[in-house]
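Could you fit the two chains together into a complex? Lean on the hints.
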Amino acid sequence: MLDALVKKQVRKVILYVILIAVSIVMLYPMLWLFGASFKSNADIHSSIWFMPKSFSAEPYRHGWVTGSEYTMGHYFLNTFKMVIPTVIFTIVSSVLTAYGFARFEFPGKKVLFSLLIATMLLPVIILRIPQYVMWGWFRVLDTYTPLVLPHLFASDGVFVFLLIQFFRSIPKDLDEAAKIDGCSRINTLIRILVPVIKPGIVSIGLFSFMWSMNDFIGPLIYISSVKKYPVTIALRMSMDATGNGYDENQIIAMSVISLIPSIIVFALGQKQFVEGLTTGSLKG
Amino acid sequence: MEATASDNKRSQKKTKSARKLGESRFHGLLYVAPWCIGFLLFTLYPFITSFYLSFTRFNLVTDPKWVGLANYIRLFQDPIFKKSISVLFEYVVMEVPLKIVFSLLIAMILNMKIRGINFFRTAYYIPSILGSNVAIAVLWKFIFQSNGLANQVLAAFGVPPVGWFGEQFPALMTIALLRVWEFGSTMVIFLAGLQSVPGELYEAASVDGCSKIRQFFKITVPLLSPTIFYNLVMQLIMAFQEFNGPYLITSGGPQHGTYLLSMYIYDQTFKSYKMGYAAAMSWILFVIILVFTLLVFRYSKYWVFYNDDGKGNDNA
Numbered sequence: 002m003l004d005a006l007v008k009k010q011v012r013k014v015i016l017y018v019i020l021i022a023v024s025i026v027m028l029y030p031m032l033w034l035f036g037a038s039f040k041s042n043a044d045i046h047s048s049i050w051f052m053p054k055s056f057s058a059e060p061y062r063h064g065w066v067t068g069s070e071y072t073m074g075h076y077f078l079n080t081f082k083m084v085i086p087t088v089i090f091t092i093v094s095s096v097l098t099a100y101g102f103a104r105f106e107f108p109g110k111k112v113l114f115s116l117l118i119a120t121m122l123l124p125v126i127i128l129r130i131p132q133y134v135m136w137g138w139f140r141v142l143d144t145y146t147p148l149v150l151p152h153l154f155a156s157d158g159v160f161v162f163l164l165i166q167f168f169r170s171i172p173k174d175l176d177e178a179a180k181i182d183g184c185s186r187i188n189t190l191i192r193i194l195v196p197v198i199k200p201g202i203v204s205i206g207l208f209s210f211m212w213s214m215n216d217f218i219g220p221l222i223y224i225s226s227v228k229k230y231p232v233t234i235a236l237r238m239s240m241d242a243t244g245n246g247y248d249e250n251q252i253i254a255m256s257v258i259s260l261i262p263s264i265i266v267f268a269l270g271q272k273q274f275v276e277g278l279t280t281g282s283l284k285g
Numbered sequence: 013m014e015a016t017a018s019d020n021k022r023s024q025k026k027t028k029s030a031r032k033l034g035e036s037r038f039h040g041l042l043y044v045a046p047w048c049i050g051f052l053l054f055t056l057y058p059f060i061t062s063f064y065l066s067f068t069r070f071n072l073v074t075d076p077k078w079v080g081l082a083n084y085i086r087l088f089q090d091p092i093f094k095k096s097i098s099v100l101f102e103y104v105v106m107e108v109p110l111k112i113v114f115s116l117l118i119a120m121i122l123n124m125k126i127r128g129i130n131f132f133r134t135a136y137y138i139p140s141i142l143g144s145n146v147a148i149a150v151l152w153k154f155i156f157q158s159n160g161l162a163n164q165v166l167a168a169f170g171v172p173p174v175g176w177f178g179e180q181f182p183a184l185m186t187i188a189l190l191r192v193w194e195f196g197s198t199m200v201i202f203l204a205g206l207q208s209v210p211g212e213l214y215e216a217a218s219v220d221g222c223s224k225i226r227q228f229f230k231i232t233v234p235l236l237s238p239t240i241f242y243n244l245v246m247q248l249i250m251a252f253q254e255f256n257g258p259y260l261i262t263s264g265g266p267q268h269g270t271y272l273l274s275m276y277i278y279d280q281t282f283k284s285y286k287m288g289y290a291a292a293m294s295w296i297l298f299v300i301i302l303v304f305t306l307l308v309f310r311y312s313k314y315w316v317f318y319n320d321d322g323k324g325n326d327n328a
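Those protein sequence lines, which keep their order, are chains S and L. So for the first sequence, this note's numbering puts the first residue at 2; every next one is plus one. So for the second sequence, this note's numbering puts the first residue at 13; every next one is plus one.
One chain only, chain L, in its complex shape (with noise of 0.2 Å):
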């Protein structure tokens, strides 16, 4: 007993010691000091430093020169500009709800308990982990090209082939494809949401006669639209921001029909130097961005539902 008393002692001492010595209420900040050089460095001072650019006519070489509104009114009257934009929104529309759709329906077919689950899991995952290797796009263009994979396979099946890269429709579709054929991460995350979805909810729906399909609507759906929201926000602005497929796949054609904004501001950069009017397109594309989010963010209030451990996020 006596000696769990001194022990007892020494340690508060030890604990008021330490607390002297002290902590002063700086302390956390030398942690995490690193990060905010680098935020100040790296992310505030070129976000700021592009909207100001955006104003200018700077060609990397003379200073920047105020131009005021210059190059946003030249934007709009930019036919490759406006082209480009219609594209993007083309292929956004194209590629987000199909990977979203596509990922929770393997993802909710894995999880019904099937046997092989690990197999499948990481055959489906491979893709996406290798999918911004450059290879991927190699083995994309061959595929489609006109005596490629894809066409082969149709031929089996008595289709006449498609010339992917000769049309816009087509060129953006192989774009869209490659990206929904990596739906493996996504998936994975809506799988793990899946899982924490208790299955007596299940079991208890199917006694009371409901559906499969409503089940769905009313179970899977609610509980899993965290999941649903965060993939739905991440692959957005993915999306928007594409720019290793045109580049690589169909070189943004044909005649810029696959010109992904992404591309037009690389090539204005780092081609034309054109860095006050490739600034002025980077930050519509950051407006749509954001709105976009924005829009999810807000109509999440009504679909997202964030169950008791969930809601435990202090740091929201």
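So that you can see chain S by itself, here it is in the shape it has in the complex (with noise of 0.2 Å):
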């Protein structure tokens, strides 16, 4: 009895040891990038200790002003530029699908919802060329309308599931009752339902900020002009400028800035991340 006690222990102190060897590997490459950014560029290879030797806020300096002729600012209000009306859009055209697909019957409403399924499985890959050709005639080339517009249409499948999940939840008594007090479908929608599913429309609001915020190819292939660049495209041409080892510093300092918004986001919205995820991709 106390062999398999002793036993148990045993076993819990190497599941602890493998979870603090993995935080460790998942934490202190972050928490590296934190410290050198603060660093000598001499002191950056010096040893693996993430703390400085001396605290430099020099990398900041010029990380901010960064090697362009515009400042990280700008390249920030680029990316919020972005991204803010690409959270409100996929927000509402998310919200509204999810209503039409979870609530109503309709023509044809098996085939629309098995496309749906479809379009989450489909790689974006092979869009891509035409979709570049077909924002070359709307002449939006160098806007960021091509990154943005299609939220307007609920272009993100997943978004819509996960909110058709949500919906599915709630029993339809609740619209039943709306509807006899004569409340609108779209008032239904708006004064009952949505306060409902504030959850879900919370956790896909921060996936579509963390996404859009974080969106390397989609700006890449369409802007072109650096006076538009978001910080991802920014930061991707000061590591092309910066090059081999010279101010390296800065660099990282710029990273760590731009890492900021996310950390920020996400640190408010863990709960929401977690079962956004779990929520969209399980239960189907």
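Derived from the structure by calculation, the hints contain no laboratory data. C-beta: ideal position from N, C-alpha, C; glycine also. Treat the hints with caution; some may be incorrect.
To be verified - Stretches of chain L that chain S covers, calculated by requiring three or more beta carbons in the stretch to come under 8 Å of a beta carbon on chain S:
#1 211-222
#2 247-253
#3 280-292
To be verified - With a Cα cut of at most 30 Å, we get these calculated DSBU-like pairs of lysine-lysine:
#4 K8(S) / K230(L)
#5 K224(L) / K94(L)
#6 K283(L) / K229(S)
To be verified - Derived list of chain L stretches under chain S, where covered just means 3 residues or more per stretch with a C-beta under 8 Å from a C-beta of chain S:
#7 101-108
#8 226-237
See below:
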């Protein structure tokens, strides 16, 4: 009996050792990045310890002004010009579409729903060339339109799917009751259902913020003038310009700056991130 | 009593009038209309067009010119394309199983009613949330530089430094490691799946003297199979399209050693403006992904086990 108890304890210790080791592998690189952003260039590779020998704000000063003609502030503004409408469009269009699928019967619903699921599995790479040509026709290359506008049409099937799951969890009696009280369908959605599925809406808002904020290939394809670069592309540009070894701390400081909004949003919405992930993917 | 009766009547009347005002059968279409328009414009139309373009020569300036199968024939004589494909398979075979197994393993440990689960889950989740950020690629480049963190850690264990970006295998490995490092979201999904497996099953099995390993294969895997299946399909689709890693970290090198197909497609499209040729390549990639997805779907019949509540997917 005692033996089994000891065995259990030993097993627990082993598990914790594994978990802590993995945590170090997960977090230390980021801690190192943060520490290195205060180091001198010579100091960066001198040891694996993340703490700088002396703190210098110089990398941040350089990082903020970047090597280009614009500051990080300018690039952040560009990013938000892209991200904010994207998040709003995504939420509105996904809620409407999910409501349609979850609460109505209409001809062709089965087919449309299957197509919605199919788009979630479709490799987007196949669509890029014609999409690019199309935006060229509309004369909106080198603007944020190709990156933002599709979201007005619920282009992220995953989000629609996730919201459908949330709608399904609400009893239909609630809609019926609202109807009896003379509430129109759209009012039922806005006044009654939206407050109930708020956690789902917050989830998709957070995910769409994160994806749009960190999107790289989208702006890489569509945005060609430096003036309109979002943070991701600006960072990549400095990465190229910095090249081999000189002013490494500046690029590291820029990286840290560029991560800040995402980290704040993650810290605020941690619970929703986990919930969104598990609801959207599993209960299908 | 009377009041209730009249109330009932009134509400009945209202229901009737609401129905009369009514909703046509097409009312719901109104709500899904934006998605439908988007689907036609941004998915279906480009999908068909890219198929058409793959049979043309097209440089964006002049009109596409029909060339039949020429692009496809040229592809199979293109050494860079062949290299790209073989590197891609190497990458997928390396990354996907590693990530799935690692995620499942950690999820199982976290599922053992461990204290501090929230801390660990968050710690593991952060990299995958930030994952696509260019800053993480910057970080990775620094870690695997010749004098970077990775080699310094190896040196501490007496291992000679590795030229990570100097040779194909280690270079490909750095990208795969980055994606495995971002195992958090896959793990969270596994964890949710594991938490829905009733603990009594394990207790009963233990009582019957069933070993842990047997329990894993006889209880965990069957009950978790829908989750494994979902993660596998999603990871395959993502891995086959991997772009940021090679583009930002290794620039496709050394000697095209990490030149994954999506990067070749990108270069052909936006640098050489060989849109028709690139479209043909993207169709090959699409067919590869499709075949793999279908294979997983097909074989999932034999190993995916839906329990009763899971099966109520009237949407499938």
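Tested hints:
With 0 residues having a beta carbon nearer than 8 Å to a beta carbon of chain S, the segment 211-222 of chain L misses the requirement of three or more and the stated coverage is violated. Counting residues of the segment 247-253 of chain L whose C-beta sits closer than 8 Å to any C-beta of chain S gives 3, which meets the bar of three, so the coverage hint holds. Residue count for the segment 280-292 of chain L with a Cβ under 8 Å from a Cβ of chain S: 5. That meets the three needed, and the coverage hint holds. Straight-line distance between C-alpha atoms of K8(S) and K230(L) comes to about 24 Å, which keeps the hinted pair within the 30 Å bound.
Of the supplied pair hints, the one linking K224(L) and K94(L) is violated, its CA atoms being roughly 44 Å apart against a limit of 30 Å. At roughly 20 Å between alpha-carbon atoms, K283(L) and K229(S) fall within 30 Å of each other, so this suggested pair holds. For the segment 101-108 of chain L, the proposed coverage by chain S is not satisfied: 0 residues have a C-beta within less than 8 Å of a C-beta in that chain, short of the threshold of three. As drawn, the segment 226-237 of chain L meets chain S at 0 residues by the rule of a beta-carbon pair under 8 Å; below three, the given contact is violated.
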